[in-house]
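**Student:** So the chains spell out like this:
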Amino acid sequence: MNGWNLAAAVLLGAGGTAALWGVTTGPPARRVIAQNMTTSAVCPALLLLSQGYGRPAYVDLALLLALLGPVGTLVFARLLSDDLSDGPPSARVLTWTAAGAGAAVVLAVCVAVGPGRALVKLLVTGALLIGGNIIASRALADGFQGVRGG
Amino acid sequence: MADALIVVALLLVAASATAAVAQRDPARQALVLSFMGVLLAALFTVLQAPDVGLSQLAVGSALTPLLIMLSVRKVRRRGRARKEPE
Numbered sequence: 001m002n003g004w005n006l007a008a009a010v011l012l013g014a015g016g017t018a019a020l021w022g023v024t025t026g027p028p029a030r031r032v033i034a035q036n037m038t039t040s041a042v043c044p045a046l047l048l049l050s051q052g053y054g055r056p057a058y059v060d061l062a063l064l065l066a067l068l069g070p071v072g073t074l075v076f077a078r079l080l081s082d083d084l085s086d087g088p089p090s091a092r093v094l095t096w097t098a099a100g101a102g103a104a105v106v107l108a109v110c111v112a113v114g115p116g117r118a119l120v121k122l123l124v125t126g127a128l129l130i131g132g133n134i135i136a137s138r139a140l141a142d143g144f145q146g147v148r149g150g
Numbered sequence: 001m002a003d004a005l006i007v008v009a010l011l012l013v014a015a016s017a018t019a020a021v022a023q024r025d026p027a028r029q030a031l032v033l034s035f036m037g038v039l040l041a042a043l044f045t046v047l048q049a050p051d052v053g054l055s056q057l058a059v060g061s062a063l064t065p066l067l068i069m070l071s072v073r074k075v076r077r078r079g080r081a082r083k084e085p086e
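Protein chains in written order, with my numbering: chain H, 1 to 150; chain A, 1 to 86.
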């Protein structure tokens, strides 16, 4: 078991436990935030796993998750808008912490991979992960006033 | 020691599946289910089956919650429409 896998296990265990606790308890607003946090915890873990197993093809999983995770959160933000309207969820600290952790992991894996096509793929994954995270939490905080009831 | 990752992923999947069953409200069940879908994909990756993980990600993270939430919405609306004429 090398350091990458150990880091992935720690990230998966800590992030997964925190997200599980958040998603099963509390008001709906907190649950949606925790669901959004799942993506930002598991996606860097998948990147670390791909580096730990020495299989660059595993980056595809992280790429797909970075693409589809925010889509799932937007589905909940749209269809749960009635429940979310009484207390619009906002977690600025958590959002920026998750974005920072994702950026740190992507940077570490990038340094290990070195220049090449794999590096471009990693950078695209990181950009999608952080951008999607910020877009999803912005949508949760601001709500979907314009399309509500449609 | 190399099995630690598998143990972590398995424990999280088991805990989230139990939590999904224990929830009462279908909308909240859908939230826990989407969480479980992502973790299941991580478990498949740890077990060296990334192809299964890819399809699980596509289905579990966005498609299943969307279907459940759409049907919950439709059922609620129908219930509301039936109550109104009385």
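Since the hints were made in silico from the structure, they are not lab data.
Among the clues, some could well be false.
A partial selection of chain A residues facing chain H, derived with a Cβ cut-off under 8 Å [said to hold, decoys possible]:
(1) A4
(2) S71
(3) K74
To be clear about the criterion: a stretch of chain H counts as covered by chain A if any three or more of its residues have a C-beta under 8 Å from a C-beta of chain A, and this derived list gives those stretches [to be verified]:
(4) 11-24
(5) 132-142
Here are a few chain A residues that sit away from chain H, every Cβ distance over 10 Å (derived from the structure) [to be verified]:
(6) A15
(7) R28
(8) V75
(9) R78
(10) G79
(11) K83
(12) E84
By construction, the Cβ of each residue, glycine as well, lies at the ideal position given by its N, Cα and C atoms.
**Student:** Provide an ascending list of the numbers of those earlier hints which the structure does not satisfy.
**Tutor:** 2, 3, 5, 6, 7
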